[in-house]
Each structure stands twice: as C-alpha cells, then as structure tokens.
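J.: What follows is each chain in one-letter form.
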Amino acid sequence: SQQGEEDPQALSIQEGENATMNCSYKTSINNLQWYRQNSGRGLVHLILIRSNEREKHSGRLRVTLDTSKKSSSLLITASRAADTASYFCATDPYNTDKLIFGTGTRLQVFP
Amino acid sequence: EAQVTQNPRYLITVTGKKLTVTCSQNMNHEYMSWYRQDPGLGLRQIYYSMNVEVTDKGDVPEGYKVSRKEKRNFPLILESPSPNQTSLYFCASSLRGGRTEAFFGQGTRLTVV
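In order, the protein sequence lines correspond to chains Y and X.
Letter by letter, the first sequence follows residues 1 to 111 in the numbering used here.
Letter by letter, the second sequence follows residues 1 to 113 in the numbering used here.
Don't take each hint at face value.
Below, in silico cross-link-like pairs of lysine-lysine (BS3-like), each with a Cα-Cα straight-line distance of 30 angstroms or less [as the list claims (entries may be wrong)]:
no.: 1; chain 1: Y; residue 1: 98; chain 2: X; residue 2: 65
no.: 2; chain 1: Y; residue 1: 56; chain 2: Y; residue 2: 69
no.: 3; chain 1: X; residue 1: 71; chain 2: Y; residue 2: 98
no.: 4; chain 1: X; residue 1: 57; chain 2: Y; residue 2: 69
no.: 5; chain 1: Y; residue 1: 26; chain 2: Y; residue 2: 98
Keep in mind the hints are simulated off the structure, nothing from the lab.
Predicted, not measured: the structure shown is a model, and the values here were computed from it.
Produce the complete structure using the sequences and hints provided.
T.: And the structure:
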C-alpha cells in the first residue's frame with residue numbers, strides 16, 4: 001500500500017499550546033493535503049501544499065513539506081478546545097489518479 | 001450550497017443481501033471516490049472515477065462495485081455483503097482528483113450481521 005502514516009497516533013495538549021503532527025509517505029507526489037475529521041463525521045479540507053513548495057500558512061496552521069524525506073508536518077498554533085479532532089494527511093502520488101490517506105492523528109485539546 | 005450527499009447515513013443488513021449506498025454531488029466535479037474507514041487503518045480508497053463511464057480500483061476494491069452513468073452520481077454497490085464489510089463509508093468528490101481539495105459526504109455507517 002502507498003498509504004502514509006501520521007505520527008503521533010494520539011496527542012493531548014492544553015489550550016494555548018502548539019500541536020505538531022507529522023506525516024510520512026512512500027512515493028513521489030504531486031501535492032500533499034491535510035484534512036480534519038470531527039468524531040466520525042466527514043473530512044474537511046484544511047490546506048494543500050504542492051511538491052515544489054516547502055511551507056504554507058493558513059490562519060493558525062502551518063504546513064511544511066520535505067520531499068527529500070517524504071515527510072510533512074502540520075503545526076496548529078495557540079490551540080483551542082475546538083481543535084479537538086482527528087487530522088489526516090493525503091497524498092496525490094505521481095502517475096496515479098488516487099488520493100491516498102494516512103492513518104491519522106487524534107488530537108485532544110483540554111480547556 | 002456545495003455538498004456531497006450520501007444515503008443512507010446508517011444501515012444494518014444481513015450477510016448476502018445486496019445493497020446500494022448512493023452518493024451525489026452538486027459541484028460539477030469530475031472526480032468522485034469511495035473510502036472506507038476502519039479503526040487504526042485510516043481511510044482506504046475502494047474505487048474512484050475520473051469522469052462519466054470511467055472508473056478504477058482503489059486499494060481495497062474486493063467485494064464492491066461502482067458505476068458512473070451521470071457526472072453527479074457515484075453509487076457504491078455491495079452485491080453480497082459480508083461482516084468484514086462492516087465499516088464507515090465516505091464518498092468524496094473533487095474537481096481534479098488529488099490535485100484539488102476533496103469534499104466529503106457525512107458518511108454511511110454500515111453493519112453487516
């Protein structure tokens with residue numbers, strides 16, 4: 001399988017702290033995306049970073065991409081209880097039409 | 001409102017009884033796909049479709065069928081469901097496959113007994 005993996009599997013922090021999640025993948029990609037899922041509901045797109053980009057920001061989110069290491073990280077700054085959710089990376093591998101998701105990181109933010 | 005609509009949201013069925021989960025999108029997206037989500041395994045792609053009448057296998061296609069007769073609809077068919085197909089299923093659509101953001105339905109929780 002070309003599936004990516006997120007690390008850690010679970011993360012618990014206090015409100016106001018930063019949360020960092022990592023994603024590793026196996027094949028060359030066109031781009032990488034991050035999604036959020038609240039408790040068994042549909043996934044919501046957060047951010048897309050292309051393979052020729054190294055860093056991207058969106059509000060309190062910062063995503064980095066290192067194609068040489070086949071890895072990405074998602075940083076959520078100044079976390080809030082409402083950020084509690086599962087976070088998934090998804091890759092768009094070269095020469096396929098698939099969108100491959102990782103196994104996810106469960107983030108719990110305590111008030 | 002742009003959305004992907006799946007039905008039903010919940011379904012309990014018996015082994016071997018054919019069922020269809022419907023998926024419809026109103027964004028004129030070319031790409032549609034089905035995923036199943038199981039604890040510890042993340043989302044795994046079952047089938048995807050690049051356009052009308054064009055479908056292809058994802059990573060876990062066994063036991064499933066799909067069709068894409070119209071751009072907006074992409075039903076998932078389980079001809080003979082088995083207990084190992086008990087899962088949470090998601091339909092998704094995007095403008096250009098993995099090159100653009102995907103929009104997800106709310107999910108269908110299927111239990112096969």
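J.: Hint by hint, note whether the structure agrees.
T.: For each hint, the structure was consulted:
{"no.": "1", "hint": "Y/98 x X/65", "in the structure": "holds, 17 angstroms"}
{"no.": "2", "hint": "Y/56 x Y/69", "in the structure": "holds, 17 angstroms"}
{"no.": "3", "hint": "X/71 x Y/98", "in the structure": "holds, 18 angstroms"}
{"no.": "4", "hint": "X/57 x Y/69", "in the structure": "holds, 28 angstroms"}
{"no.": "5", "hint": "Y/26 x Y/98", "in the structure": "holds, 14 angstroms"}
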